[in-house]
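> Now for the letters of each chain:
Number of protein chains: 2
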Amino acid sequence: MDKAKIRLYVDQPLAQGQTVPLTKEQSHYLFGVMRQDNGAVVALFNGVDGEFLAEVTKANKKNGEMACRAKTRDLLMPPDVWLMFAPIKKARTDFIVEKAAEMGARRIVPVNTEFTNAERIRQDRLQAHALEAAEQCGGTYVPEVTDLQKLDRVLADWDETRHIMFCDEALVGAAQVLGDVAADKWAILIGPEGGFSEAERARLHELPFAHAVSLGPRILRADTAAVAALTIWQQHLGDWS
Amino acid sequence: MDKAKIRLYVDQPLAQGQTVPLTKEQSHYLFGVMRQDNGAVVALFNGVDGEFLAEVTKANKKNGEMACRAKTRDLLMPPDVWLMFAPIKKARTDFIVEKAAEMGARRIVPVNTEFTNAERIRQDRLQAHALEAAEQCGGTYVPEVTDLQKLDRVLADWDETRHIMFCDEALVGAAQVLGDVAADKWAILIGPEGGFSEAERARLHELPFAHAVSLGPRILRADTAAVAALTIWQQHLGDWS
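In order, the protein sequence lines correspond to chains Z and L. So for the first sequence, our numbering puts the first residue at 1; every next one is plus one. So for the second sequence, our numbering puts the first residue at 1; every next one is plus one.
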């Protein structure tokens, strides 16, 4: 069987021999847009069972079907790290979600801070971005994108066994101080373009489970900071080492 | 004097008391678009002398002038690391250049590899992007963006005292192996979307000054890889530690 050029996320159980019905959208995409036909091979994943090569068994533009052949990849579950960020301009917010999915964040949590410019987000659109990033980068897991929440409420209800690594612009130029924190659950918090407010910063510094880190001597945009912070976390505490 | 909300790169010497003539474009931007007037305060940098607060002394939309007051920042020279990358789609190429400038690359070198999709680049547009990134992120240095060159020619003429950290997709999942290389000059090399060709990979692995690294167990897009690789380099060998 050829290697698949198309990867699709399906909300269906996957196992060898399993028949997989396609949605109307997927059928239209595969057989209308991509002009695939019976026998064509596509890689399927569902965020749970890993990746399978599947063969088109019904090339119908409205309700196609596939049959799962060989398993090609196990599920690569990301470490238990969330990315919390303050939404910024549309293109850069999309970018942060895409990058968090690529870099192996388990959950993506948009938060409203005092200096956040965005009043609302399109959660469904951001979720679709995370899914597309997984489809295009060979991912087998799709992080959940939550609805926009207020940072102070999120912190008020916080599970204190989940530690927070927050990127403090005021620490620009300071040494890395993540140290040896023994915690299994983490969240990375990136501030908005205008930085955290004084009250937010003071509160974060007081939380015993929150750890401020510096991202070097240059001021980074929020989207850059998200990738850099995930790199540091994955290297020190995640599955990059 | 107020803190400046506008930062401008000027191709002029800067020193306390220095008069700085503005170009037609800068004059149009400051006095036409941004409606600044005499006495307004702008931050100026030229990539050499650091950052100065300067005051508008001639608010003319065609040939304005400023006077340098206090020095507000020293030049933050990036470590001697280049970012070499294979240009991809326009938006992502722009993004790589912006991120390289933010993350403190000293030079940005687009290279054509066997699997590179781009035949040419607009060097002037990419240089403008690097400059804008510095203006917006409080940078005091602007990396030079070179013209597109062929990777094999670049490697044929290589200064062997400059070591290369290259991100090998075939190493996805392998351990980090940058180790303790004693070199002052570095270049990071990111491959194209399709990866390096077998011949390119073999050649890179043979070069005594080239070091393959892994960027974790997930396949990253080229733009993500650029930020992640710069983060790793800055942390281990650059000015983030």
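Each hint should be verified, as a subset may be incorrect.
[As the list claims (entries may be wrong)] Below 35 angstroms or equal to it, Euclidean Cα-Cα: the simulated DSBU-like pairs (lysine-lysine) are:
#: 1; chain 1: Z; residue 1: K3; chain 2: L; residue 2: K150
#: 2; chain 1: L; residue 1: K24; chain 2: Z; residue 2: K71
#: 3; chain 1: L; residue 1: K61; chain 2: Z; residue 2: K150
#: 4; chain 1: L; residue 1: K89; chain 2: Z; residue 2: K62
#: 5; chain 1: Z; residue 1: K5; chain 2: L; residue 2: K62
#: 6; chain 1: L; residue 1: K5; chain 2: Z; residue 2: K71
#: 7; chain 1: Z; residue 1: K89; chain 2: L; residue 2: K5
#: 8; chain 1: L; residue 1: K90; chain 2: Z; residue 2: K61
#: 9; chain 1: L; residue 1: K24; chain 2: Z; residue 2: K150
#: 10; chain 1: L; residue 1: K24; chain 2: Z; residue 2: K90
#: 11; chain 1: L; residue 1: K24; chain 2: Z; residue 2: K89
#: 12; chain 1: Z; residue 1: K71; chain 2: L; residue 2: K89
#: 13; chain 1: Z; residue 1: K185; chain 2: L; residue 2: K150
#: 14; chain 1: Z; residue 1: K89; chain 2: L; residue 2: K89
FYI, nobody ran anything at the bench for these hints, they're computed from the structure.
> State the violated hints by number, sorted upward, taking the hints as numbered earlier in the document.
2, 3, 5, 6, 9, 13
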